[in-house]
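Here the working numbering is used: the first residue of the sequence shown is 723, the next is one more, and so on.
Think of the hints as simulated: they come from the structure by calculation, not from any bench.
Treat each hint with caution, since some may be false.
Quick list of simulated restraints, FRET-style, between CB atoms [claimed, not checked]:
(1) L851 with G802: 45 to 51 Å
(2) E853 with G829: 39 to 45 Å
(3) L862 with G841: 17 to 23 Å
(4) A753 with F822: 17 to 23 Å
(5) F822 with N796: 30 to 36 Å
(6) D728 with L855: 48 to 54 Å
(7) K799 with P849: 38 to 44 Å
(8) R764 with E857: 35 to 41 Å
(9) H731 with S827: 17 to 23 Å
(10) A852 with S827: 30 to 36 Å
Keep in mind it's a predicted model, so treat the numbers as computed, not measured.
Here a beta-carbon is modelled for each residue, glycine too, at the ideal position from N, C-alpha and C.
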Amino acid sequence: MDFQFDGLHRPVIVVGGGQAGLSMSHCLTTAGVGHVVLERERAGHEWRTRRWDSFCLVTPNWQCRLPGFPYLENYVKAFGVPLHDGVEATRLRQLPGGGFRLTTSAGELTADHVVLATGPYQVPLKPRLAERLPEHVVQLHSAGYRFAPCSRRKLRPLNTRRPTSRSRPNSLAGL
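Please take these sequences and the hints and turn them into a complete structure.
What follows is the structure, encoded as structure tokens:
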């Protein structure tokens, strides 16, 4: 982080360089609105580092694409997103005359509007019921899970015979 923000003013500050923050940047750029995007780590940090290795989305790809570009990897370069990696937002205050003052690890800056695009899953939430489970019950939040150890037992697939008019597949066959 070599950049100092002290005294900088932008019409909009976007806090968070994930999918929501980058999508907002695209919309602001399209509308010709000056802005800056601040990311505590690097673009897409949460899905790069805090998801399990085999994680895949269960939604259609068209719902997860960034505007004008299908994938995050080269998005920042391709669209010239005004992204500042390694900048942590630490305090946000509304100014008496309107607008906002944002304190960051790279200094203070002001804006007319601030978009908080930090994501909903920053702190793991454990249900109260978990406190009442016996000690021997292993509890693991998805934020702490990275990969499952390989099993030595080979799993056999379910019977995959195609049904015919004379037979019905037995879904328990092969177990």
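For H731 and S827, compare the CB-CB distance with the range 17 to 23 Å and indicate the outcome. Once the Cβ atoms are compared, 18 Å apart, the range 17 to 23 Å for S827 and H731 holds.
State, for the Cβ atoms of F822 and N796, whether the hinted interval 30 to 36 Å holds or is violated. holds, 31 Å
Whether the CB-CB distance between E853 and G829 falls inside 39 to 45 Å: This hint holds: roughly 42 Å between Cβ atoms.
Do the Cβ positions of D728 and L855 conform to the proposed distance bound of 48 to 54 Å? holds, 50 Å
Quick check: does the Cβ-Cβ distance between R764 and E857 fall within 35 to 41 Å? 38 Å Cβ-Cβ, so the 35 to 41 Å window holds.
Check the following: the C-beta atoms of A852 and S827 are separated by a distance inside 30 to 36 Å. holds, 34 Å
Take a look at whether the Cβ-Cβ distance between K799 and P849 falls inside 38 to 44 Å. holds, 41 Å
Do the beta carbons of L862 and G841 sit within 17 to 23 Å of each other? holds, 21 Å
Consistency of beta-carbon spacing, G802 to L851, with hint 45 to 51 Å: Cβ of L851 to Cβ of G802: about 48 Å, so the range 45 to 51 Å holds.
Could you tell me whether the CB distance from A753 to F822 stays inside 17 to 23 Å? Once the Cβ atoms are compared, 19 Å apart, the range 17 to 23 Å for F822 and A753 holds.
Consistency with the previously given hints is maintained throughout, with no hint failing.
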